[in-house]
Amino acid sequence: MTGFGKGEYRDEQMEIAVELKTINHRYKDFFIRMPRQISFAEDLVRKEIGEVISRGRIEVNVKMNSFDLANKNIKLNMELAKAYMSCLKDLKTSVPEVTGEYSLSLVSRFPDVIYSEDSEEDPDVLWGKIKKALSVALKNVTDSREREGESLKKDFYKRLEIIETELGKIKEFESLVVDEYRDKLEQRIKEYTQNIEIDQSRLLTEVAYYSEKANITEETTRLKSHIERFRKILEEDEPVGRKLDFLIQELHREINTIGSKSNHIDISNLVVEIKSEIEKMREQIQNIE
71 MTGFGKGEYR
81 DEQMEIAVEL
91 KTINHRYKDF
101 FIRMPRQISF
111 AEDLVRKEIG
121 EVISRGRIEV
131 NVKMNSFDLA
141 NKNIKLNMEL
151 AKAYMSCLKD
161 LKTSVPEVTG
171 EYSLSLVSRF
181 PDVIYSEDSE
191 EDPDVLWGKI
201 KKALSVALKN
211 VTDSREREGE
221 SLKKDFYKRL
231 EIIETELGKI
241 KEFESLVVDE
251 YRDKLEQRIK
261 EYTQNIEIDQ
271 SRLLTEVAYY
281 SEKANITEET
291 TRLKSHIERF
301 RKILEEDEPV
311 GRKLDFLIQE
321 LHREINTIGS
331 KSNHIDISNL
341 VVEIKSEIEK
351 MREQIQNIE
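As numbered in the numbering used here, residues 71 to 359 make up the sequence shown, in order.
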């Protein structure tokens, strides 16, 4: 289920910002970005989020900015500086047309030659600050996901009603199927036998056999039961995505069976409509935790 949330913590020494973004995914998958000096907290962040979110791709972006200059160490990456100097010398040798001299100020401006690094802080204290920002972000992303969940639930109820309506039409046509088959069979027999009297007993046997073969009462009953179960699951106060994923497969199986048993054009058209609604629901279920 998609959602976005942001949380911040700020004091005299630093500010920490945590951004959370969740994207539809069948499983739980983390993608975490954070500064090197707080990488120790990655597993703690995973655990904290995992207690709230059980499904989806979870993107986490943690930013930290220190205000306390006394806690900043300015460092020089000598090996990197030497590598830059070596490249400049090779450039001047290989391309004589290049004029000018390389200077200390030039080399010092190259990325990561001179950099600042915060002094190490107590990990427990630092985690406490990160956790405060994370808690706010989690609250916001949860609210966002709940709003989307309510919207999806309304959409599911609407589609279930459509399926029930179409299923009712199928039941109306079902009673006509056997009568239509009997009339067509009798007409064909008359065409081929002309004046020969039809064996009514044999005709009734054939119609009874077809009636048993085309009977969809069990399938429609199970379909109605699955629909009621679907509604009950939607009202549960826990992650229901996997339950609905399984149940949608059962709905699809029953309507497929009805379609394969039916030889009636109107029923076949209604089956297509129901399958279309079920497929839309299946796509949306991937969004549900």
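By construction, these hints were calculated from the structure, which means they are not laboratory data.
Glycine is no exception: its CB is placed at the ideal position from the N, C-alpha and C atoms.
Mixed in with the good hints, there may be bad ones.
What the hints assert, rightly or not - Simulated DEER-style distance windows between Cβ atoms:
(1) 209 x 85: 12 to 20 Å
(2) 112 x 177: 32 to 40 Å
(3) 127 x 175: 38 to 46 Å
(4) 112 x 137: 18 to 26 Å
(5) 101 x 78: 15 to 23 Å
(6) 316 x 192: 44 to 52 Å
(7) 106 x 129: 13 to 21 Å
(8) 109 x 137: 18 to 26 Å
(9) 306 x 352: 14 to 22 Å
(10) 239 x 319: 42 to 50 Å
As the list claims (entries may be wrong) - Quick list of in silico lysine to aspartate or glutamate cross-link-like pairs, DMTMM-like style, CA-CA up to 25 Å:
(11) 294 x 349
(12) 224 x 298
(13) 302 x 320
(14) 199 x 129
(15) 117 x 129
(16) 98 x 218
Inset, instruction - Output the numbers, in ascending order, of every earlier hint that fails for this structure. - result: 10
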